[in-house]
Amino acid sequence: MNHPTPDAIASGNEGAMSPQQAAAMLDQTTYEARRKLTPSPPWLLTVRAVAVLAALGNIWLTVRGQHPYQGPTGADVPVLVAFIVLNFFATVTVRERALAGVRGVTRFRPAEIAIFVAVFAAVPLMMWALDSAGVSFALYPTTVVIVPGLALAGIQTARGGWGSSWGGLAVTAVGVAGAFAGPVGSWAVAAVGLCAVLLGKAAVVARQQRGSLS
Amino acid sequence: MNDDTLDPLIHVPTRLKIVATLAALPDGDTLSFTRLQDLIGLTPGNLIIHLRKLEDAEYISSEKARNGTVSITTVALTGHGRKALDAYTRALRGLLGGDLLDSR
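Chains A and B, in that order, are what the protein sequence lines are.
Just so you know, we're using our numbering here: the first sequence kicks off at 21 and counts up by one.
Just so you know, we're using our numbering here: the second sequence kicks off at 3 and counts up by one.
Simulated from the structure, these hints should not be mistaken for laboratory data.
One or more hints might be untrue.
What the hints assert, rightly or not - Sample of chain B residues at the chain A side, in silico, Cβ under 8 Å:
hint : residue
1    : Gly30
2    : Asp31
3    : Leu33
4    : Ser63
5    : Thr71
6    : Thr75
Keep in mind the model is a prediction, meaning the values are calculated, not measured.
Idealized CB from N, CA, C, for every residue including glycine.
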């Protein structure tokens, strides 16, 4: 292995590399850079997948014995809220750390953030309107994700074309599938469906992080 | 330069790391000098020398912006630089005959 001298480094002409060494360095550097600059790393997506399965699956276990259906118990709601808050802050913290010093399309634009905020603010209103209209699936947990999923798909399409919108469309599909599962079944659909989407996303990101040459 | 010739400007460990790191970002995204330094693990002086060589060849572009009293330098891979890295990668593939190392 060639060790460059301080003079060589200072002049910007370090020792020569063999093609094998260059290939290994290119692969390793690409992998490390992608890993460190990824706003949603696979480990976080996997943790979120397991957490969403546990949080929503737990509610499904408590509601499946209800006849008639009464919804989550008082003990379930704080757990669900805690999960949502923790998930939000973990996602923002990891994203900000990964994107420190990065400017450009990797970051959400203010208009995109505004769309997300408006969509999430509109979801309770939409559910209330559907409930008032007597729509059976108005208050299902899966109904919550339909419009945000569509918004995400729209933003992903605007950023990278139709090929990159699968995540948002998959979330929307989970929401639509839940509408056919009944009030109890929709909790299971939300738990399994969102877990599967997050695991799928983790697999895609992990694949994208592979080096240039491997 | 033919396809099997490794671009001498990129075929230097530190510059290869710089170009590969910047290429991990989408086209047009910029990276601050301090984050790049942190990612590659170089001293500021060393990094400046290599960035200057890459900028002279128009492989990267740099921009200095003022944020209050702090001056922030950002760097980005140019389209020309991305094409040069692609050509370098193809040349490496050619030289190694597709029998590439799995470095992880």
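The hints, checked one at a time:
1. For B:Gly30, the shortest C-beta to C-beta distance to chain A is roughly 5 Å, which falls under 8 Å, so the interface hint holds.
2. For the restraint placing B:Asp31 at the interface with chain A, the shortest Cβ-Cβ distance is roughly 3 Å, inside the 8 Å limit, so the hint holds.
3. This hint holds: B:Leu33 has a C-beta 6 Å from the nearest C-beta of chain A, less than the 8 Å allowed.
4. Here the hint on B:Ser63 is broken, as its CB sits about 13 Å from the closest CB of chain A, past 8 Å.
5. The restraint placing B:Thr71 at the interface with chain A is violated, with a minimum CB-CB distance near 18 Å, outside the 8 Å limit.
6. The restraint placing B:Thr75 at the interface with chain A is violated, with a minimum CB-CB distance near 10 Å, outside the 8 Å limit.
Comparing the model with each numbered hint stated earlier shows that hints 4, 5 and 6 do not hold.
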